[in-house]
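Please construct the entire structure, taking both the sequences and the accompanying hints into account.
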Amino acid sequence: MVWAGIKAKESRQWFGKRGQEQIKEIKFRDVIPVDYDYLRPPTVNDTPVVVTITITDVNIRSIDESDMSFSVVITLWQGWSDFRLLYPSWIESPYQVLDSRWADKLWTPNLYFVNAVEGKMNNIITPSSFFWISKDKKVYYCVRLVLKLVCEMNLVHFPHDEQQCGVKMAPAFYNEKLLVLTFSNSTRSGTEFSSLQQFEIIDVVKDRCHLTSGSSPIES
Numbered sequence: 272m273v274w275a276g277i278k279a280k281e282s283r284q285w286f287g288k289r290g291q292e293q294i295k296e297i298k299f300r301d302v303i304p305v306d307y308d309y310l311r312p313p314t315v316n317d318t319p320v321v322v323t324i325t326i327t328d329v330n331i332r333s334i335d336e337s338d339m340s341f342s343v344v345i346t347l348w349q350g351w352s353d354f355r356l357l358y359p360s361w362i363e364s365p366y367q368v369l370d371s372r373w374a375d376k377l378w379t380p381n382l383y384f385v386n387a388v389e390g391k392m393n394n395i396i397t398p399s400s401f402f403w404i405s406k407d408k409k410v411y412y413c414v415r416l417v418l419k420l421v422c423e424m425n426l427v428h429f430p431h432d433e434q435q436c437g438v439k440m441a442p443a444f445y446n447e448k449l450l451v452l453t454f455s456n457s458t459r460s461g462t463e464f465s466s467l468q469q470f471e472i473i474d475v476v477k478d479r480c481h482l483t484s485g486s487s488p489i490e491s
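Here the sequence shown stands for residues 272 to 491, numbered as in the working numbering.
Any given hint could turn out to be false.
[Said to hold, decoys possible] PhoX-like mimics (lysine-lysine), calculated; alpha carbons at most 20 Å apart, straight line: (1) Lys376 <-> Lys408; (2) Lys408 <-> Lys298; (3) Lys376 <-> Lys406; (4) Lys409 <-> Lys376; (5) Lys376 <-> Lys298; (6) Lys406 <-> Lys298; (7) Lys298 <-> Lys409.
[What the hints assert, rightly or not] Now the in silico label distances, taken between C-beta atoms and shown as ranges: (8) Lys408 <-> Arg332: 32 to 38 Å; (9) Ala387 <-> Ser364: 33 to 39 Å; (10) Trp361 <-> Asp335: 37 to 43 Å.
Since the hints were derived computationally from the structure, they do not count as laboratory data.
Backbone N, C-alpha and C define an ideal beta-carbon position, used for all residues, glycine too.
Below you can see the structure in the form of structure tokens.
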């Protein structure tokens with residue numbers, strides 16, 4: 272754990288040929304081998320998959336002292352390597368963007384937010400989630416989320432209090448023998464977050480913690 276997209280047939284790739292622009296469809300079979308198992312993590316020689324977490328574009332929307340919670344909008348990036356995937360030879364670009372319809376076809380870490388009471392994708396932008404796949408078999412999954420998270424607050428000095436509230440994530444199905452979560456160094460600092468005018472973000476702390484059950488938690 273850390274503290275701190277389906278049924279379709281193609282995406283499309285633009286390319287030029289003899290001065291004419293054409294569209295070539297990227298089908299599932301262009302990327303996913305016949306024997307690919309999207310339920311099995313892409314471990315290598317019994318080494319766990321390392322999933323890198325990056326949180327950007329953080330907007331704290333509300334803080335509710337009465338039920339000790341806060342609401343936040345974040346962009347969550349997850350990155351890992353999947354050596355089993357193919358990369359179409361006719362694509363000249365070093366990476367290809369795939370829409371959320373591929374989520375039912377590719378292996379993903381299946382993260383959940385340990386301290387969330389509500390959560391949904393932010394559908395104001397379209398698409399609100401997508402994949403990147405690179406020639407060296409790296410996969411990046413990006414999604415914009417709206418979350419309501421529990422925060423155990425100490426209100427002894429209210430209203431001049433200072434709180435530390437976490438965004439806790441963990442894989443739903445995998446222990447640390449199969450999957451390890453880590454924060455990217457590019458995760459933003461507190462000064463780059465947007466917040467309500469009556470509150471000030473002092474600092475951002477990234478760390479690992481351990482659940483009594485489940486696996487590989489991380490917290491921010």
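How the hints compare with the structure:
1. Lys376 <-> Lys408: Judged against 20 Å, a Cα distance of about 15 Å means the pair holds.
2. Lys408 <-> Lys298: Given that 20 Å is the threshold and the Cα spacing comes to 17 Å, the pair holds.
3. Lys376 <-> Lys406: 18 Å, holds
4. Lys409 <-> Lys376: Given pair Lys409, Lys376 holds - Cα atoms ~16 Å apart, limit 20 Å.
5. Lys376 <-> Lys298: With a Cα-Cα distance of about 11 Å, the restraint between Lys376 and Lys298 holds, given a limit of 20 Å.
6. Lys406 <-> Lys298: With a Cα-Cα distance of about 16 Å, the restraint between Lys406 and Lys298 holds, given a limit of 20 Å.
7. Lys298 <-> Lys409: 18 Å, holds
8. Lys408 <-> Arg332: 32 to 38 Å: 37 Å, holds
9. Ala387 <-> Ser364: 33 to 39 Å: 36 Å, holds
10. Trp361 <-> Asp335: 37 to 43 Å: 53 Å, violated
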